[in-house]
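*Asks:* Per the working numbering, the very first residue in the sequence shown carries number 1; after that it's consecutive.
By construction, these hints were calculated from the structure, which means they are not laboratory data. Among the hints, erroneous ones may be present.
[As the list claims (entries may be wrong)] Within a straight-line C-alpha distance of at most 16 Å, the following computed EDC-like cross-link-like pairs (lysine to aspartate or glutamate) qualify:
(1) LYS152 to GLU126
(2) LYS170 to GLU132
(3) LYS152 to GLU114
(4) LYS219 to GLU183
(5) LYS152 to GLU183
(6) LYS152 to GLU181
(7) LYS170 to GLU133
[Unchecked claim] Label-pair ranges, simulated between beta-carbon atoms:
(8) ASN240 to THR157: 34 to 40 Å
(9) ARG62 to LEU202: 17 to 23 Å
(10) GLY241 to PRO208: 15 to 21 Å
(11) GLY241 to GLU218: 19 to 25 Å
(12) LEU100 to GLU239: 22 to 28 Å
(13) ARG6 to GLN97: 45 to 51 Å
(14) HIS108 to ALA9: 54 to 60 Å
(15) GLY110 to ASP204: 17 to 23 Å
(16) LEU13 to GLU114: 42 to 48 Å
(17) ALA115 to ASP155: 43 to 49 Å
(18) GLN16 to GLY209: 52 to 58 Å
(19) ASP155 to ALA95: 34 to 40 Å
(20) ARG7 to ILE118: 48 to 54 Å
This one's a predicted model, so the numbers in the text were calculated from it and none came from an experiment. Every residue gets a Cβ at the ideal spot worked out from N, C-alpha and C, and that includes glycine.
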Amino acid sequence: MQVVDRRQAIARLRTQIEGIEKRSFPEVRQAQSRPYIIRAPDEKFAPAPAGLLHEVWSDEVRNSGAAFGFALGQARALLGRSRPAILFLQLAHEAQQTGLPYGPGLCHFGLCPEALIIGRVRNVTELLWAAEEAAGCKAVAAIIVDIIHPGKILDFTASRRLAMRAGRGKASVFLLRYGREREAGASHLRWRVAPVSSMEALFDARAPGCPRWQVCLEKGQGMVSDMLGQMRWVLNWTENGFALEQAVGTDKAGKAGVGPALSGPVPTALGYGLSETA
1 MQVVDRRQAI
11 ARLRTQIEGI
21 EKRSFPEVRQ
31 AQSRPYIIRA
41 PDEKFAPAPA
51 GLLHEVWSDE
61 VRNSGAAFGF
71 ALGQARALLG
81 RSRPAILFLQ
91 LAHEAQQTGL
101 PYGPGLCHFG
111 LCPEALIIGR
121 VRNVTELLWA
131 AEEAAGCKAV
141 AAIIVDIIHP
151 GKILDFTASR
161 RLAMRAGRGK
171 ASVFLLRYGR
181 EREAGASHLR
191 WRVAPVSSME
201 ALFDARAPGC
211 PRWQVCLEKG
221 QGMVSDMLGQ
231 MRWVLNWTEN
241 GFALEQAVGT
251 DKAGKAGVGP
261 ALSGPVPTAL
271 GYGLSETA
């Protein structure tokens with residue numbers, strides 16, 4: 001009898017949890033009918049709705065700028081009159097590895113530096129607490145959390161708490177993660193991001209142009225694509241946000257110039273053909 005009662009109690013708890021989850025994430029149910037990415041290369045990249053938990057993965061820490069830029073581009077689309085702020089959180093002892101956002105660069109990115117609030121904390125516990133509290137603030141559009149070494153604290157339960165707070169507070173949370181291994185998490189969307197060589201500048205072919213990313217959606221609630229985790233997209237940045245340039249690996253990927261970002265300076269001619277050495 002005790003075994004039967006225990007099973008019935010577990011079944012009731014599961015039913016209650018399912019009801020709580022459905023009430024917590026109305027945005028997810030609304031998004032079930034449409035994909036998060038428009039596949040045609042001449043269309044714009046469709047930003048995800050507000051109130052979701054994103055994981056933005058990069059294989060190496062040196063690509064943290066690309067991961068942050070991708071998350072910031074998505075967060076920028078969520079800004080509005082009632083939610084004018086984006087919070088960027090990082091651990092104080094890890095900040096030297098990933099750096100700080102550059103004010104003039106934010107302006108070039110179409111974001112007023114005053115809209116970005118930067119917070120540095122001492123440990124992962126404080127980092128997650130700050131993210132949860134910010135997700136409940138009605139003036140915050142998005143929270144970007146940069147974390148290189150999360151330890152065991154950032155487990156499924158912690159990510160579940162973040163997902164629930166994001167759903168209730170209508171503020172999206174972007175976790176910037178690094179490495180090739182994936183732990184179980186409660187994120188609605190999981191991205192894998194890598195930098196791509198920029199386009200040529202409009203008036204100087206030798207100068208770097210707008211940034212580009214190679215993006216793969218590894219996990220996505222509401223995705224209708226049967227190639228989830230296999231298809232990759234190249235995104236180009238425009239003054240109006242992300243533009244879907246091409247789908248890599250398909251017959252539409254015929255444009256040239258798609259390659260990994262350079263890891264260091266490349267010797268080149270100086271002064272219209274003059275060599276670097278006499």
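*Asks:* Hint by hint, note whether the structure agrees.
*Replies:* Checked hints:
1. LYS152 to GLU126: holds (14 Å)
2. LYS170 to GLU132: holds (12 Å)
3. LYS152 to GLU114: violated (34 Å)
4. LYS219 to GLU183: It holds: about 12 Å lies between the C-alpha atoms, which stays within 16 Å.
5. LYS152 to GLU183: Distance of about 10 Å is within 16 Å: holds.
6. LYS152 to GLU181: The hint holds at about 14 Å.
7. LYS170 to GLU133: The hint holds at about 12 Å.
8. ASN240 to THR157: 34 to 40 Å: Given range 34 to 40 Å: holds, Cβ gap about 39 Å.
9. ARG62 to LEU202: 17 to 23 Å: Roughly 28 Å apart at Cβ, these two residues miss the hinted range, so it is violated.
10. GLY241 to PRO208: 15 to 21 Å: holds (19 Å)
11. GLY241 to GLU218: 19 to 25 Å: Holds, at about 22 Å.
12. LEU100 to GLU239: 22 to 28 Å: holds (24 Å)
13. ARG6 to GLN97: 45 to 51 Å: holds (48 Å)
14. HIS108 to ALA9: 54 to 60 Å: holds (57 Å)
15. GLY110 to ASP204: 17 to 23 Å: Holds: the Cβ-Cβ distance is about 22 Å, inside 17 to 23 Å.
16. LEU13 to GLU114: 42 to 48 Å: Check passed, 46 Å falls within 42 to 48 Å.
17. ALA115 to ASP155: 43 to 49 Å: violated (32 Å)
18. GLN16 to GLY209: 52 to 58 Å: At 53 Å between Cβs, range holds.
19. ASP155 to ALA95: 34 to 40 Å: Hint violated: Cβ distance 24 Å, outside 34 to 40 Å.
20. ARG7 to ILE118: 48 to 54 Å: holds (50 Å)
In this structure, the earlier hints numbered 3, 9, 17 and 19 are contradicted, and the remaining ones agree with it.
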